[in-house]
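Protein chains in written order, with the numbering used here: chain A, 1 to 250; chain B, 251 to 500.
Because the hints were derived from the structure by calculation, they are not lab data. Some hints here could point you the wrong way.
Listed next, the in silico BS3-like pairs over lysine-lysine satisfying Cα-Cα at most 27 Å (straight line) [what the hints assert, rightly or not]:
no.	chain 1	residue 1	chain 2	residue 2
1	B	K271	B	K305
2	A	K21	A	K85
3	A	K199	B	K271
4	A	K55	B	K449
Protein chains: 2
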Amino acid sequence: MRILVTNDDGIHAEGIYRLAKAMARLGEVTVVAPLVERSAVGHALTLTDPLRVEKVFHDGVIFGRAVNGTPADCVKLAVRMLMDKPPDLVVSGINHGANTGHNIIYSGTVSAATEGAILSIPSFAISRAWSMEPDFGPAAEIAVEVAEQILAHRLPDGVLLNVNVPALKREQIHGFRVTEQGQGRFVEAFEARIDPRGKQYYWQAGETLIPDRGETIDDTALEEGYVAVTPIHFDLTARPFMAELAEWGW
Amino acid sequence: MRILVTNDDGIHAEGIYRLAKAMARLGEVTVVAPLVERSAVGHALTLTDPLRVEKVFHDGVIFGRAVNGTPADCVKLAVRMLMDKPPDLVVSGINHGANTGHNIIYSGTVSAATEGAILSIPSFAISRAWSMEPDFGPAAEIAVEVAEQILAHRLPDGVLLNVNVPALKREQIHGFRVTEQGQGRFVEAFEARIDPRGKQYYWQAGETLIPDRGETIDDTALEEGYVAVTPIHFDLTARPFMAELAEWGW
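Please build the complete structure, drawing on both the sequences and the hints.
Have a look at this one:
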């Protein structure tokens, strides 16, 4: 089995290293990831600039290839140009910081897995809730379990999994919960500052607001010590509203 | 009425100029847009760099403010910092090139309108199918009609409209059709090239594939000469699959 591993924290992040090592227990791992951190890039593509690829070595052995692009670029380029055959699985992560609620639409981690699903490859994104000194070990173990689940069953075409792991030790995690994307979101409060040359600039700050607390909400599962597994797709059509919209008298 | 106008082709693009002029018939227009083209940036945010704002003048009169960020940054910054009160409507466009099918997940134009909806402001994105010498006049007229529809009725919370206008004269356009996001997508074929210093690089190329042809598909409506109006939301949960996923034995 061939597994493509990518992320948005960049190829030098600890999370992708731990993920690649864990995934190697299941098959042949290819790492293709952004050269530098590309968090909050959403589902961006690099169209106006060339993409360059360089090998990254650990202890003289090739660990993976770094691309001067986005997570979505990495998956497209890996599948189309860098791998001999398409992978059987795309795994994106381990992101440092949860990707839940509204925030998943800004997430490069999720966008990479979405790109895999667009290419009809079974795919999942995995993130670990933020903490000052993160241990990615439990999330790496859980990534293997999720991969085994996906291989044992089947994801429908166009559906991928968005997996979030709480910032807990393995034995403190209660298990898995199938969840939905909640309404949690980052509420911006821009700071207006003055630079050394006297010119004003703005910097995004703010805090997270989680308005919904139901048991099936991704953020709730995390808070209650469960791994949140949300099936997501890339059909944005608001179907329940289509009939009413058609009555507007266009 | 206060209307925020933005885009992803940049504040100097013809499309946003035509849109702003048309929207001025309905109320007070504020233009806040990227300084340079930020197409295919998806729903990206600028978190690691400061945002700077500069006024853009046309004939000595202020046209709008340019931000060194993404379309989503522009909407957040405008609503939180640059406008005295939140706008009553956010309009993003007129993009040069359709935003249909899978491509909407890469679209900065759509992401800006999505940001408006996240902030609970009625919002729509408007794009005009690509052609060599585009006339944005018909799309500007249609933007006014869509705005009037949204104001006369109401969009549900969390729903925005993604509007696409065919590359036709106004009298050739048959009318509006309420549509769904289709499966149309760009199929990449990277070109591997050698730079002047002998190093390899890759450039994204490819062609558009539209596999589904139903009457309610966004691309079909465009091809048949209709304005495609797709209601979209930012809840990515693949709800039909949740029950089956829960049976996987987690």
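Results of checking the hints against the structure:
no. : hint             : result
1   : K271/B to K305/B : holds, 17 Å
2   : K21/A to K85/A   : holds, 21 Å
3   : K199/A to K271/B : violated, 31 Å
4   : K55/A to K449/B  : holds, 13 Å
Of the numbered hints stated above, the single one contradicted by the structure is hint 3.
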